[in-house]
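K.L.:
Quick note on UniProt numbering: the sequence shown kicks off at 1 and runs consecutively.
If you're looking for bench data, these hints aren't it; they were derived computationally from the structure.
In this text the structure is predicted, and so the values were computed from the model without any measurement.
We put the CB at the ideal spot given by N, CA and C, even for glycine.
Treat each hint with caution, since some may be false.
With a cut-off of at most 20 Å between alpha-carbon atoms, the simulated EDC-like pairs for lysine to aspartate or glutamate come out as follows [claimed, not checked]:
1) 594 x 376
2) 261 x 232
3) 264 x 251
4) 196 x 427
5) 528 x 599
6) 512 x 523
Simulated restraints, written as ranges between beta carbons of each label pair [as the list claims (entries may be wrong)]:
7) 312 x 494: 21 to 27 Å
8) 314 x 440: 32 to 38 Å
9) 505 x 445: 25 to 31 Å
10) 300 x 445: 44 to 50 Å
11) 292 x 232: 34 to 40 Å
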Amino acid sequence: MRTCNAPRLLSSFTEFESITELPKKMKTCGYMWEKRIGKIRVQLHVRRTLQNSNVIIVTSRTYSRHIFFCTLLDFAIDDSLLPPLVLPHICQTLWYAKNETRSSADLACQTGSSTFMSLMSTPKLKFIFSFSALYSLKNRMSARRLFAIGNMVVPTEHALNEAIQVAPLVLSDDVKRQKIVQKLARLQFSASTVRKIQDVFVSEMNKGIHQQPSSLQMENTYVPELLDGTEEGLYLALDLGGTNFRILLLELAHGTPIREKVKKYHISSDLRVGSGIRLFDYLAECVSDFVIAHGLQDVELPLGFTFSFPMIQHSLDIGILVTWTKTFNCPDVVNEDAVKLLREALDRRGDTKVKVMAILNDTTGTLVQGSTLDHDTAIGLILGTGSNACYLERADRVEHWETERHGEREVIIDIEWGAFGDNGVLDFIKTDYDRENDANSLIVNSFTFEKYISGKYLGEIVRVVLAKLTKEGLLFIGDHTPGSLLVPGNLTTDLISDIEQDSVDGGDSNTKEILMKFGIVPDEEDIKIVQYVCEVVSNRAALLVSICLAVLLKRIDKKNVTIAVDGSLYKHHPRLETWIKQYIPLLAPDHKFKMIHAEDGSGKGAALVAAIAQRLHERLG
1 MRTCNAPRLL
11 SSFTEFESIT
21 ELPKKMKTCG
31 YMWEKRIGKI
41 RVQLHVRRTL
51 QNSNVIIVTS
61 RTYSRHIFFC
71 TLLDFAIDDS
81 LLPPLVLPHI
91 CQTLWYAKNE
101 TRSSADLACQ
111 TGSSTFMSLM
121 STPKLKFIFS
131 FSALYSLKNR
141 MSARRLFAIG
151 NMVVPTEHAL
161 NEAIQVAPLV
171 LSDDVKRQKI
181 VQKLARLQFS
191 ASTVRKIQDV
201 FVSEMNKGIH
211 QQPSSLQMEN
221 TYVPELLDGT
231 EEGLYLALDL
241 GGTNFRILLL
251 ELAHGTPIRE
261 KVKKYHISSD
271 LRVGSGIRLF
281 DYLAECVSDF
291 VIAHGLQDVE
301 LPLGFTFSFP
311 MIQHSLDIGI
321 LVTWTKTFNC
331 PDVVNEDAVK
341 LLREALDRRG
351 DTKVKVMAIL
361 NDTTGTLVQG
371 STLDHDTAIG
381 LILGTGSNAC
391 YLERADRVEH
401 WETERHGERE
411 VIIDIEWGAF
421 GDNGVLDFIK
431 TDYDRENDAN
441 SLIVNSFTFE
451 KYISGKYLGE
461 IVRVVLAKLT
471 KEGLLFIGDH
481 TPGSLLVPGN
491 LTTDLISDIE
501 QDSVDGGDSN
511 TKEILMKFGI
521 VPDEEDIKIV
531 QYVCEVVSNR
541 AALLVSICLA
551 VLLKRIDKKN
561 VTIAVDGSLY
571 KHHPRLETWI
581 KQYIPLLAPD
591 HKFKMIHAED
601 GSGKGAALVA
611 AIAQRLHERL
621 G
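Build out the structure end to end from the sequences listed, making use of the hints.
P.N.:
Take a look at the structure:
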């Protein structure tokens, strides 16, 4: 019998029809996994029945007579699929039985397991498990049935349902509590809804990558590789995305940033809404002033241009503006190449040797910046006022490629997931609160996914929920009139983060202070309700991000993947990171990942992309 060292995890369990006849129908398929847990050696044997179901037998060598049965449906046994490591119901039973003597009937009843078919007899089990991470009261995991042997965790559908729910609301008035919970029920997902969102995201990605109609742009950034350690010298970045923009000078040695200089510039309102030529002439003037101030006017300086507006890329240095957003509206720039406009403006001055090498957005810059911190970085994530993600895709999967190929193996794909669902594919999770939030936004029926998860909108969703609960007599009853809390836009996401900090700390000082600023004198139950609403809305955002990141991990399918993250929401919300790290293993259980904070992707990242572009230019000519 062969011993397997890296079991594959599966979670599709079913009941075996006739457990009493099981011993007569077994034949060995030749796979076994063995693991020491404390002083106990546990073996997993995989056997196939005549009915083409698979039965997992777990035997403790020390207690060899005590055999546990659990069945698994549709498990193909071959050289590529190794036996599963995790047997949820068995592990749960061991937890209940730890240091106790119980009958099999008692155990089956306590676990509530219909698939826990038989327990020959139960000794006084003294298995040594480390359940601290799974059953932590602080993380409210004690009631969530996650099951593990060794270091791997796989939830059943029931366990996933429980794991993704927030802490229950506790009020003295149970009727009121039930009404509030019911009104917020659609903001919390079932396991089946989570799976459906996953499927829709995969479908939209596949359509986008094959240039079929999709709410995901899946834009080819034409960045085919990351830093290789040979990059040396000085590189510029121009970061344009708001009323202020930055110019950054970055010095690299062996592909590592060693020194930087940054200066911020303001763009007046008349430049933001006027002629495109005037805007780009001003950008060129600032670049020139910055370069000359550092005495570099005679030095060839490659520049990476972070252009944080919707665009279509035709190459690494061609980006066509689709539409202006934020406070910009220069009509003659729409459908024009932003790189060409900047180059022409620099040429009109002719007083520097700046070369615009690449155009990108902040998400791509974050991935590249992350790669300098961890070479396993393959996903870039922005979770701030807005949200987006990019990832390293296999080049042979990408159909949109307008430049000559040179044997590229990978390329960064900009998903533009803020628009995920703009075509209606996510309408099944849209609530009345989301519809009102959308109606209050500047661009209605656009950026659907961003309105579920980003810092620009979470506060408004919470405000809408609180306003509705107040109108229905479930919140701020009596003299506690919410006043300005009913005005759209008045409750910002940074305040939600402060309220969430109270929930983490088990306090209420931030919540009280915030509500009193709105003229509200809350009672104890008002505070509980407000904190509950903030948790539900924040948790939904974390779960949606986790669902999509889990899909990306599966798609990349590498042994280890690092996710580089930047953005004010991720940085300042006290629980988003924890939730995301908790949910991804449930949704992509056999994929190892870690998350790192990669600050300033729009600045440093742009300069790094300029270095990559310069290296490619020198190599390919």
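K.L.:
Evaluate each hint against the coordinates.
P.N.:
Against the structure, the hints:
{"no.": "1", "hint": "594 x 376", "result": "9 Å, holds"}
{"no.": "2", "hint": "261 x 232", "result": "16 Å, holds"}
{"no.": "3", "hint": "264 x 251", "result": "18 Å, holds"}
{"no.": "4", "hint": "196 x 427", "result": "12 Å, holds"}
{"no.": "5", "hint": "528 x 599", "result": "35 Å, violated"}
{"no.": "6", "hint": "512 x 523", "result": "9 Å, holds"}
{"no.": "7", "hint": "312 x 494: 21 to 27 Å", "result": "33 Å, violated"}
{"no.": "8", "hint": "314 x 440: 32 to 38 Å", "result": "36 Å, holds"}
{"no.": "9", "hint": "505 x 445: 25 to 31 Å", "result": "39 Å, violated"}
{"no.": "10", "hint": "300 x 445: 44 to 50 Å", "result": "46 Å, holds"}
{"no.": "11", "hint": "292 x 232: 34 to 40 Å", "result": "23 Å, violated"}
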